[in-house]
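With chain A's structure known, arrange chain B on it following the hints.
Chains as they are written, first to last, in the numbering used here: chain A, 1 to 178; chain B, 179 to 350.
Just so you know, these hints were derived from the structure itself, not from any lab.
Okay, derived cross-link-like pairs now, DSSO-like style, lysine-lysine, Cα gap no bigger than 30 Å in a straight line:
# : chain 1 : residue 1 : chain 2 : residue 2
1 : B       : K223      : B       : K340
2 : B       : K275      : A       : K74
3 : B       : K321      : A       : K74
4 : B       : K275      : B       : K295
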Amino acid sequence: MESLGEYWKRFKTSSNQSVVLQVVNLGLLLSGALVAYKILSFITQAESPIVVVLSESMEPTIRRGDLLFLSNYKEPYTTGDIVVYLIPGREVPIVHRVVKVHDNETDSDPQILTKGDNNFADDIQLYEGRRWLTRDLIIGKAYLIVPYAGMLTIWLNDYPPLKFALLGSMSLFALLTD
Amino acid sequence: MNSLTSRMNTLGTHALTCLAAMAVVVIVTSYVTPRPVPETDLSIKSVKTFQVSWRERNDQAALIFNFQTDLRPLMDWNVFGIYASVVVDYETDLYEKNEIVIWDSVITKKQKALIKKSADFAKYLFKDYGHDLRGKELSLRLKYVIMPFVGAMQAYEIASNKTFTMPRNYTS
Numbered sequence: 001m002e003s004l005g006e007y008w009k010r011f012k013t014s015s016n017q018s019v020v021l022q023v024v025n026l027g028l029l030l031s032g033a034l035v036a037y038k039i040l041s042f043i044t045q046a047e048s049p050i051v052v053v054l055s056e057s058m059e060p061t062i063r064r065g066d067l068l069f070l071s072n073y074k075e076p077y078t079t080g081d082i083v084v085y086l087i088p089g090r091e092v093p094i095v096h097r098v099v100k101v102h103d104n105e106t107d108s109d110p111q112i113l114t115k116g117d118n119n120f121a122d123d124i125q126l127y128e129g130r131r132w133l134t135r136d137l138i139i140g141k142a143y144l145i146v147p148y149a150g151m152l153t154i155w156l157n158d159y160p161p162l163k164f165a166l167l168g169s170m171s172l173f174a175l176l177t178d
Numbered sequence: 179m180n181s182l183t184s185r186m187n188t189l190g191t192h193a194l195t196c197l198a199a200m201a202v203v204v205i206v207t208s209y210v211t212p213r214p215v216p217e218t219d220l221s222i223k224s225v226k227t228f229q230v231s232w233r234e235r236n237d238q239a240a241l242i243f244n245f246q247t248d249l250r251p252l253m254d255w256n257v258f259g260i261y262a263s264v265v266v267d268y269e270t271d272l273y274e275k276n277e278i279v280i281w282d283s284v285i286t287k288k289q290k291a292l293i294k295k296s297a298d299f300a301k302y303l304f305k306d307y308g309h310d311l312r313g314k315e316l317s318l319r320l321k322y323v324i325m326p327f328v329g330a331m332q333a334y335e336i337a338s339n340k341t342f343t344m345p346r347n348y349t350s
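This is chain B alone, in the form it adopts within the complex:
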């Protein structure tokens, strides 16, 4: 009845039950507490180069953008990291939905969660599927995925009210 193995078994299952109950409480609290919406300013300032790529023969541009956001209030005790990305959206004859990430970062430290970029190069080249970028209107979104220590990942987004129209001609 009171053998060592049975004691260890009881202790082990009790510890596991407690841990599981704690995890559930943590998950519930992080769903119940409202997340603040970070103040964001996001716009494309200009196009540095705009060409047809030599190899794939599709439109590509180097964008210069302004981006400011403060994700620090989102970094609470159950957040181990935030995947933040700037997404360009536009429509072409070929595809209704075109989503392209031009900047992204995985933020794991609170000090790094304040982002200020003015007239900075986008991290990635902006490449179209085909040849449809000339004169196209682009809209922008900040998307961020909150990655908790315990619980499922949650994705949020903030649409920028500023749009940008691509030039009518390629730069040489």
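Just chain A, same shape as in the assembly:
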């Protein structure tokens, strides 16, 4: 069994060349993740194909910490769809369900109303003066919910030291082990 101290000893005695190699490997790993994310973004046409839900307004369908997979194709919206939208001037996107659609087959410009499953009232109050939600405000439509898979990001955002601890230990581990 090798302890962390032994890893460190080996790291200190290893040549500059292998250190560079480890750094390059780490960079490759990170850029690989980024490429995968961008490819998913391209396939789903959504700028952010994966989002973490922060609110409880869609309980019990979607819980705080759930991970949503989004697609944003130019397809007609229908009632029952779960959409993510961002009102200009607001920072946080909202995940709610479509309860009203007015649309035409040709020159489709849907006028949409949404509501949270856990809310009593519909979302008109959230639209900041708009009466209807339109396509340009919608970031995507949820097709997959992964329960609680985004809990880690919530913890990381709530406790910033945790973020540095995790990132630091991960990079250190990636650098030290081969």
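Just chain B, lined up with the frame of chain A:
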């Protein structure tokens, strides 16, 4: 070679692979097994109030509806919930497609999946985009979205064969 970290690594990846394989099997089985079609009876019985709303100046009505369905056979072991909704469809000069939810519910327990409503108020007010509801023919649909524990959401719908014609005049 046989260090603790390498053993833990092997164990971890093996566990993850097994879980992923199980998830795939679950997803495949829930696609392959045919879902029963729930027997549904859905109709609008009458209009309680029918007015022009004071603030937005559009037509709005309080509907009374009959609704019976049994979603219990759909609640199988990979279903954590069903979003059920009653949707009214109609056509106006302004928009060809108008879809409005007048009742909905998220069902997570099998006991709650048997729905029986006779001459009940719709959950939501029925509000038009504009002023086009007088004498309009409305059709109805039951839409339900099955939300599995593992896998993508699946939407289904059952159209009601009963239509309803809105009154020619507003109620006072």
